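Engineer: Below are the chains, spelled out letter by letter.
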Amino acid sequence: MSDRDRMTSAPSLADALRALPQAAPQPDLWPDLAQALAARRRRPWRRYALPAALAAGIAMLALAPLSTTTLPPAVPTQTAATTKADTPPTADAELAALHQRSQALERWIASATVAPLDSRDLMAAVEVEDMIGLVDVQLGATRGDADALPLWRQRVTLLEDLATIRANRYAIAAN
Amino acid sequence: MPATKSRAAASDRLVSASSFQIDVPETTLARARRGDLRALEQIYRAFERPAYSLALRLLGNVENAREVVHDAMLHLLERIGQFRGDAPFWGWLRQIVVNEALMKLRRERGIAFEELPEDDGTPSAEPAPWMLADVAHLESALARLPPLTRSVLWLYHVEEYTHQEIAEMTGKSVSFSKSQVMRGSSRLRDLLDPALSELHEEAAPCLTATA
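Just so you know, the protein sequences line up as chains A and B, in that order.
Residue numbering for the first sequence follows my numbering, beginning at 8 and increasing consecutively.
Residue numbering for the second sequence follows my numbering, beginning at 3 and increasing consecutively.
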């Protein structure tokens with residue numbers, strides 16, 4: 008039956024079904040939902056607290072060279088230029104490729120968000136996105152390409168996972 | 003309720019498309035994205051009836067429908083910060099409710115075919131029985147359809163999904179969706195026909211949910 012048929016063959020059935028009264032869940036679902044939402048906002052403190060702590064740490068590290076007397080020995084103080092010199096040319100090429108791949112994946116994911124995700128994929132997607140956020144915070148703390156390379160690899164892997172979730176929106180129905 | 007009254011009442015409620023098609027103000031969405039609980043409740047209240055009614059029509063069970071709406075709403079409201087506004091909000095929610103309901107239907111009931119006579123497709127001079135039926139009779143007849151047949155009929159006629167979309171969502175073929183719409187309509191016609199309804203008391207369903 009084509010969409011045109013839908014309009015001509017049995018329009019009265021569609022109208023009759025649409026005219027059936029709507030119902031609301033009884034008892035009211037909102038109190039449970041509000042409680043669950045509030046609990047989930049409290050529970051995953053690590054989701055927000057860890058990136059926040061890292062961000063705070065980054066800010067302190069950025070200010071550290073201004074007061075070297077208080078700088079712990081483990082804090083890297085090398086400049087981006089010196090790090091660049093230490094990085095093999097192959098790493099440069101890999102880093103450039105990872106940047107490119109990352110951008111391509113992000114563009115694809117942004118275009119794929121029009122498609123709704125089912126609840127299971129929604130849950131998976133939010134976890135992966137949180138992990139990407141964490142990697143981004145860590146990337147903000149790197150002082151050179153050598154530090155950044157493993158993080159960019161991790162970021163691309165996570166983006167690929169996210170793209171897979173986005174691409175499989177009908178996977179459950181097809182199973 | 004007499005048929006004429008029910009039809010008059012029905013026509014007052016007629017809508018041109020899915021009752022899900024509710025636009026959420028951008029200001030409400032913005033507040034909800036910031037985690038404003040009152041904005042989240044506003045969104046919930048706007049959609050609780052269409053969401054629950056859809057789940058109830060697909061599942062035919064009050065408790066299961068409540069569970070589906072609860073889970074769908076929770077997932078949606080948790081993720082609302084990531085809603086980019088590049089697709090209608092109501093479409094996003096409706097798809098989640100449909101997916102959750104179909105998953106539950108699949109999980110809790112194995113769906114097996116039973117033979118049902120083909121709809122002969124002969125147009126009748128008589129008005130369709132659902133035009134004359136009151137709400138209670140139509141509700142009752144709808145409830146007697148097998149769950150998957152009822153779901154396909156509802157998704158097609160009320161939510162206006164295409165056969166292709168229904169096939170993808172149910173994991174069946176396009177022809178399956180088409181045949182369920184035709185046979186479901188035919189079965190509904192028979193169930194609402196007083197002369198035939200007694201015969202159908204003993205008839206086997208076209209699709210049977212197996213435990």
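By construction, these hints were calculated from the structure, which means they are not laboratory data.
Fair warning: this is a prediction, and the values are worked out from it, not measured in the lab.
A hint or two may mislead.
[To be verified] Counterexamples of contact, computed for chain B against chain A with all Cβ distances above 10 Å:
(1) R51
(2) E141
(3) F178
[To be verified] Computed footprint of chain A on chain B; a stretch qualifies when at least three of its residues, placed anywhere within it, have a C-beta under 8 Å from a C-beta of chain A:
(4) 21-32
(5) 132-138
(6) 149-162
Don't be surprised by glycine CBs; every beta carbon is placed ideally from N, CA and C.
Engineer: Take the hints in turn and mark each one as holding or not.
Structural biologist: Going through the hints against the structure:
1. Consistency note on R51/B: stated as away from chain A, yet its beta-carbon is not over 10 Å from all of that chain's, at 4 Å minimum.
2. Not every beta carbon of chain A lies more than 10 Å from that of E141/B, the smallest distance being close to 6 Å; the non-interface claim is violated.
3. At roughly 12 Å from the closest C-beta of chain A, the C-beta of F178/B stays outside 10 Å, upholding its exclusion from the interface.
4. For the region 21-32 of chain B, the proposed coverage by chain A is not satisfied: 1 residues have a C-beta within less than 8 Å of a C-beta in that chain, short of the threshold of three.
5. For the region 132-138 of chain B, the stated coverage by chain A is satisfied: 4 residues place a CB nearer than 8 Å to a CB of that chain, which reaches the threshold of 3.
6. For a cut-off of 8 Å, the count of residues in the region 149-162 of chain B with a CB near a CB of chain A stands at 6, and the three-residue condition holds.
The structure shown violates the earlier hints numbered 1, 2, 4.
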